[in-house]
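Chain residues, written in single-letter form:
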Amino acid sequence: MTSGAAEAAGLRRRTRAGWLLSTPALVLLAAGAAGPLLVVLVFSFLSQGEYGGVSLPFSGEAWFRIFLQRDIFDGTVSAADAHLAIFWRSVWISLATTLITFAMGLPTAWFIATRPPGQRSLWLFLITIPFWTNLLIRTFAIMEVIRNEGLLNTALLSLGVIDQPIQILFTDWATLIGTTYVYLPLMVLPLYAAIDRFDMRLLEAGYDLYASRWSVLRRVILPLVRPGIVAGCILVFIPSLGAYVTPRILGGGKNMMIGNFIELQFGQARNWPLGAALSMALMVVVMAALLVYVRVSAREGRDD
Amino acid sequence: MQHDPNNHGGQHVSARPAVSAERVTKRFGQGTADVRALDEVSVSVARGEFFTLLGPSGCGKTTLLRCIAGFETPSAGRIHLNGKDITDEPPNRRRVNTVFQSYALFPHLTVAQNVAFGLEMMGKPRAEVSRTVDRMLALVRLDQLAARRPEALSGGQQQRVALARALAPQPEVLLLDEPLSALDLKLRKEMQSELKRLQHETGITFVFVTHDQEEALTMSDRIGVMSTGRLLQVGPPREIYNRPVNRFVADFIGETNFIPAMAQGGQVRLASGEVVGESAQAGPVTVAIRPEQIRLSEPGEVGGIPATVEGATYLGTDSHIHLRLKDGSPVVARVPSLPSAEPGPAPGSSVGLRVAPGAVQVLED
Chain P
1 MTSGAAEAAG
11 LRRRTRAGWL
21 LSTPALVLLA
31 AGAAGPLLVV
41 LVFSFLSQGE
51 YGGVSLPFSG
61 EAWFRIFLQR
71 DIFDGTVSAA
81 DAHLAIFWRS
91 VWISLATTLI
101 TFAMGLPTAW
111 FIATRPPGQR
121 SLWLFLITIP
131 FWTNLLIRTF
141 AIMEVIRNEG
151 LLNTALLSLG
161 VIDQPIQILF
171 TDWATLIGTT
181 YVYLPLMVLP
191 LYAAIDRFDM
201 RLLEAGYDLY
211 ASRWSVLRRV
221 ILPLVRPGIV
231 AGCILVFIPS
241 LGAYVTPRIL
251 GGGKNMMIGN
261 FIELQFGQAR
271 NWPLGAALSM
281 ALMVVVMAAL
291 LVYVRVSARE
301 GRDD
Chain Y
1 MQHDPNNHGG
11 QHVSARPAVS
21 AERVTKRFGQ
31 GTADVRALDE
41 VSVSVARGEF
51 FTLLGPSGCG
61 KTTLLRCIAG
71 FETPSAGRIH
81 LNGKDITDEP
91 PNRRRVNTVF
101 QSYALFPHLT
111 VAQNVAFGLE
121 MMGKPRAEVS
131 RTVDRMLALV
141 RLDQLAARRP
151 EALSGGQQQR
161 VALARALAPQ
171 PEVLLLDEPL
181 SALDLKLRKE
191 MQSELKRLQH
201 ETGITFVFVT
211 HDQEEALTMS
221 DRIGVMSTGR
231 LLQVGPPREI
241 YNRPVNRFVA
251 DFIGETNFIP
261 AMAQGGQVRL
271 ASGEVVGESA
281 QAGPVTVAIR
291 PEQIRLSEPG
301 EVGGIPATVE
311 GATYLGTDSH
321 IHLRLKDGSP
331 VVARVPSLPS
341 AEPGPAPGSS
351 VGLRVAPGAV
361 QVLED
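Same order as they appear, the protein sequences are chains P and Y.
Just so we're aligned, residue 1 is where the first sequence starts under UniProt numbering, counting upward by one.
Just so we're aligned, residue 1 is where the second sequence starts under UniProt numbering, counting upward by one.
Keep in mind that a hint or two might mislead.
Claimed, not checked - Reference listing, derived: stretches of chain P covered by chain Y, where coverage requires no fewer than 3 residues with Cβ under 8 Å from a Cβ of chain Y:
1. 193-206
2. 216-225
Unchecked claim - Here are some chain P residues the structure puts well away from chain Y; computed CB gaps all over 10 Å:
3. R13
4. I72
5. T114
6. L209
7. A211
8. S212
9. A288
Claimed, not checked - Cβ-Cβ distance ranges computed for the label pairs, FRET-style:
10. P:P223 - Y:R16: 37 to 43 Å
11. Y:S154 - P:E263: 55 to 61 Å
12. P:P116 - Y:S193: 41 to 47 Å
13. P:Q164 - Y:D85: 57 to 63 Å
14. P:S212 - Y:T25: 28 to 34 Å
15. Y:E278 - P:S212: 55 to 61 Å
16. Y:K84 - P:R218: 27 to 33 Å
17. P:E149 - Y:V35: 54 to 60 Å
18. Y:D85 - P:L290: 50 to 56 Å
19. Y:R16 - P:R218: 36 to 42 Å
20. Y:R16 - P:D199: 35 to 41 Å
21. Y:S130 - P:F64: 53 to 59 Å
22. P:P223 - Y:K84: 29 to 35 Å
23. P:S297 - Y:S154: 25 to 31 Å
Simulated from the structure, these hints should not be mistaken for laboratory data.
Backbone N, C-alpha and C fix where the C-beta goes; we use that ideal spot for every residue, glycine too.
Model the full structure from these sequences, guided by the hints.
Written out as structure tokens, the structure reads:
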């Protein structure tokens, strides 16, 4: 046997051993991630069971009904306006949440990253404190603040700023306040990690080369902390899109987001295939958005 | 302050200084705990001059540079650039550029984009920017690497990019903050002559900060020696070396023998009685003599300051002869090495030391 062939055989052996050793991980992945997804995918192509659940035959009805509806009497097909309104609300609230948390998170993260090293962990600790309390309780706390007889309205009324309480609770604005509050730490932490790596001496280099504060932000800081911005936006946008508790409590029963709508299908509406199809659709949209982002940033990286 | 007549790098030396500091003081901290990084420093640098601020770390030289750049605001005093008071201008409104000790190149930009940055911020038209960038990269001999990122460059190459980036906007004054300290010896020597060449070709005023006295002596038109926030002496390298104003300057620049002496009636005498110089003062003084200015008497030659040979250190071209005067003061003489095996007179032998009258400095302590 030549040494080359021996080497190749050794490599094959090592590869085989490698696969064998990674079996537990592969089994976990298959059982924990791929399996349930497959179940959801199959359910989305089945028919609605009589008392919930699914039944045969296979059907594309659920996917059809995501965007379209058929009139019960004359069978004409039209856009499912109620569904589209829910999708639209989910998207705009998630986008707004991402933008607001970014606008609030960048100065916050910058503040923490520019503290003396000994103080930083204290500030980070303070940022993570809300995680110690159950989401439901925090959401009810927000409700207490923004309801008509709550802290905010009482304060504004007694200060004479307003004559009547502002109706915030059970509107989309309440949901937006809730998601912003809940997801702000998820924006601050990755931004902090990126700013912490940023070499502050580059600021002086920027100012030295005639850049204004705004130009330094746009041309030096933002490009260099971009990985943190992207991570923060993904971490905020995706869970916002699927938010359940916040719109359910703060938005009231009517102002549903996709998460509530999916829950409705598996609960009261007893339309499991539609719920499964909605879940899959949501996932596909998120994955597509991520893919587009990866493609674009890879191309920009080459162009620079 | 007089301009150095030996200035070779200067193009047109005008009466108005390129940059000047007037009684600039910088305090850090507050109340009683404050530290004076700069203590009423006044200096002016002529246009086209290669001016070096020299001193040990913590002497305030970098603080002065940062005050000129605008990164620090003086606690008191004014800074003028080309006759205009810029003390209250932000750094981005000052026509000065800095070569940072850490280079501070933008890692997300290519070499060409780094060099173009300042020009773009000034709002120069695209065509002019790319023309200037090409010219600057050719000037620092990096035209082949224009599309690279800084991380793909060696330390010396990054240094050149930092230089090109700072020179591209044609600043009134280029500030260099120990730019060569991160380079190895060979590269440092190369960059020293490279810097001189660049200064000559661009005609831009250089203010260079270093703690390396040799670097300062070889490159500068004039040197300002600093210690603990004060500017002790300003002058051309020869003057700084041969006529140090005090013990600190004499000690910091080159090697020097310090010998206690007594001044009386206009004459300075060593403890052994020899007259070595003149001084208007009276009382104990210190005389400074460079080792290479001391000549040992030949065998049989009479006169000179009597001393005993204690040993010798071979340095290659020269040897250090360690001597002791009658009053016990140690003295080192630097003499050319002889081709013979012996580096100098045998230990224990007596010799006479001869020093040219002009080579003796009488220092205030």
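Status of the hints after comparison with the structure:
no. : hint                        : result
1   : 193-206                     : holds (count 6)
2   : 216-225                     : holds (count 4)
3   : R13                         : 38 Å, holds
4   : I72                         : 59 Å, holds
5   : T114                        : 16 Å, holds
6   : L209                        : 4 Å, violated
7   : A211                        : 5 Å, violated
8   : S212                        : 6 Å, violated
9   : A288                        : 27 Å, holds
10  : P:P223 - Y:R16: 37 to 43 Å  : 40 Å, holds
11  : Y:S154 - P:E263: 55 to 61 Å : 60 Å, holds
12  : P:P116 - Y:S193: 41 to 47 Å : 42 Å, holds
13  : P:Q164 - Y:D85: 57 to 63 Å  : 58 Å, holds
14  : P:S212 - Y:T25: 28 to 34 Å  : 29 Å, holds
15  : Y:E278 - P:S212: 55 to 61 Å : 60 Å, holds
16  : Y:K84 - P:R218: 27 to 33 Å  : 29 Å, holds
17  : P:E149 - Y:V35: 54 to 60 Å  : 58 Å, holds
18  : Y:D85 - P:L290: 50 to 56 Å  : 55 Å, holds
19  : Y:R16 - P:R218: 36 to 42 Å  : 37 Å, holds
20  : Y:R16 - P:D199: 35 to 41 Å  : 37 Å, holds
21  : Y:S130 - P:F64: 53 to 59 Å  : 57 Å, holds
22  : P:P223 - Y:K84: 29 to 35 Å  : 34 Å, holds
23  : P:S297 - Y:S154: 25 to 31 Å : 29 Å, holds
Comparing the model with each earlier hint shows violations of hints 6, 7 and 8; every other hint is respected.
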